[in-house]
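Participant: Protein sequences, first through last, are from chains A and B.
If you count by this note's numbering, then the first sequence holds residues 1 to 324, one letter each, in order.
If you count by this note's numbering, then the second sequence holds residues 1 to 207, one letter each, in order.
It is possible that some hints are incorrect.
[As the list claims (entries may be wrong)] Just some of the chain A residues that point at chain B, by a computed CB distance under 8 Å: (1) R44; (2) L66; (3) D68.
Because the hints were derived from the structure by calculation, they are not lab data.
All residues carry an ideal CB built from backbone N, CA and C; glycine is no exception.
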Amino acid sequence: MKPIDPHQDDSLTEDATEDDRFAALVAAEARGEPVSPGDAAFRRRYEEIHPDATAEAGLWAALGTLGDTGEPPAGLGDADLLARVLQRASTPIRPTAARRRGVAVTVTAVALAATLMVAFAAELRARWSTLGAPLAAATGSAPQTPSVPVTTGEPPRPPVAAPSVEPTPVELGAAPALPVPAPIAAPAPITHLEATHRDLLAPSADELLRRAQDHLGGGRAREAVEAYRELVARYPASGEGRAALISLGRLALDDGHGAEALGYLDRYLRSPGPLDEEARYWRIEALRRLGRFAAEAAAIDEFLAHHPASVHAERLRTRAGSGR
Amino acid sequence: MAVSLFQHTRWPALAVPHDAATESDLERVGRAARGEPQAQAWLLQQVLPRVRRVTRALLGTAADADDAAQLALLAILRSASTYRGEASLAAWAKRIAVRTTLRYLAGERRTPSAPVASEPDGEELAAADPTNPSEALARDVREYLDELPEAQRTAILLQHALGHSVEEIAALTGVSPDTVKGRLKLGTATLRKRARQEIAIGRRRQS
Chain A
1 MKPIDPHQDD SLTEDATEDD RFAALVAAEA RGEPVSPGDA AFRRRYEEIH PDATAEAGLW
61 AALGTLGDTG EPPAGLGDAD LLARVLQRAS TPIRPTAARR RGVAVTVTAV ALAATLMVAF
121 AAELRARWST LGAPLAAATG SAPQTPSVPV TTGEPPRPPV AAPSVEPTPV ELGAAPALPV
181 PAPIAAPAPI THLEATHRDL LAPSADELLR RAQDHLGGGR AREAVEAYRE LVARYPASGE
241 GRAALISLGR LALDDGHGAE ALGYLDRYLR SPGPLDEEAR YWRIEALRRL GRFAAEAAAI
301 DEFLAHHPAS VHAERLRTRA GSGR
Chain B
1 MAVSLFQHTR WPALAVPHDA ATESDLERVG RAARGEPQAQ AWLLQQVLPR VRRVTRALLG
61 TAADADDAAQ LALLAILRSA STYRGEASLA AWAKRIAVRT TLRYLAGERR TPSAPVASEP
121 DGEELAAADP TNPSEALARD VREYLDELPE AQRTAILLQH ALGHSVEEIA ALTGVSPDTV
181 KGRLKLGTAT LRKRARQEIA IGRRRQS
């Protein structure tokens, strides 16, 4: 095949054929990437030379939109998915058998040490008690715990909390010197995690829509597109998210990205909504832009069947009557 | 919410996107790496759409895509301490998601692709979804992809669905750029041939 455009600036593959370049361009356009004037001119020329290319473009455009997050979720919702991940991330590592054995040995050793220390302390105390009386006599102070109870005529009271020479039995879990690791907080409930990331992080659908409209009003189309895409990604089923599909379609069409526009508009029309009329109208324009005239005629018929009293109806009837 | 959609005017050409991480992103990712729950939730929220797109593009079923997305998000949390802000957060997360999903694919040991399907019959052509952007095609794009060897399919998906360059695909899949070019060329040619065949058959039957 002869080169169509000698000024190829294709960065995808240096030696790509025109066929490959066409495929890559259509897919890139469907992904929403900007297309350079040179690439757009190449695509027009290619489609002029290859009449079947317009139909084939559907394959590459479909590839470009694969995995689009605007698709209705078939599996886990975003909130559930994030909650699961956050829960798994906060779950402590389960100890292995070897690690459990190591911990048990450590606990036993520490407990034994604590027991010996208690016994040693009791022994010291007993010695201090026996040495305490002569020392008190020498210093004139009474020992805190007399070895012989003072007779006062009252029956002798049992000694209160007299230290025992017997070592106090120490339970493994109650060893005072046990270096207990800091307690690991149990994973927060899923509902709490959901509320956390929803409340603290995510802008609302309304905020995103306002942001997009502010950008549009300020002539910042790229930022508007980003905000609309975020809106569609975060809230695909909301009214705002669905309306954003049509705005994205309009913006894509304005920028000459017919296949991308068609993707957004088709996605909106997969389920009925209050903006069906707009979606159908701009879908007709997208098909026309893509040169898919048979599909355009079918789309006009569909539009007129659904919206016979639309402000666009007369013009579309005229267009259908003229064969275009 | 009612939205006026007919108030758009023409917009200037899209500007070159900013591709560097902001300082606040770096700080927040750092906090996520240190285990702060709110920062972790923020990080996951930021990268989720990109991760979703990667896993849904590379995997055929919603269940597989969800499983791989969870693994990818955990990998992103574990890798948060390595983020230096040299690339955008989205690009960094996308690389991790692609690598994780490719590992998931390899671990799944999927059954070999189905043999090339026979020519679609008239019913299949007539059943094509009229609202599908690829309505001229007889079958879903996944079915075309399933006819390719896995290496070609992965290369095609990484390039066309996820927008990776040849060099990036080579790095992600661990092969040379020439090998990637070969896989892309063969895969694209196969897809094109099948699509053209079926489009021609559909036209003949319509006429």
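Participant: Are the hints correct? Go through all of them and say.
Facilitator: Against the structure, the hints come out as follows:
no.: 1; hint: R44; verdict: violated (17 Å)
no.: 2; hint: L66; verdict: holds (4 Å)
no.: 3; hint: D68; verdict: holds (7 Å)
Of the numbered hints stated above, the single one contradicted by the structure is hint 1.
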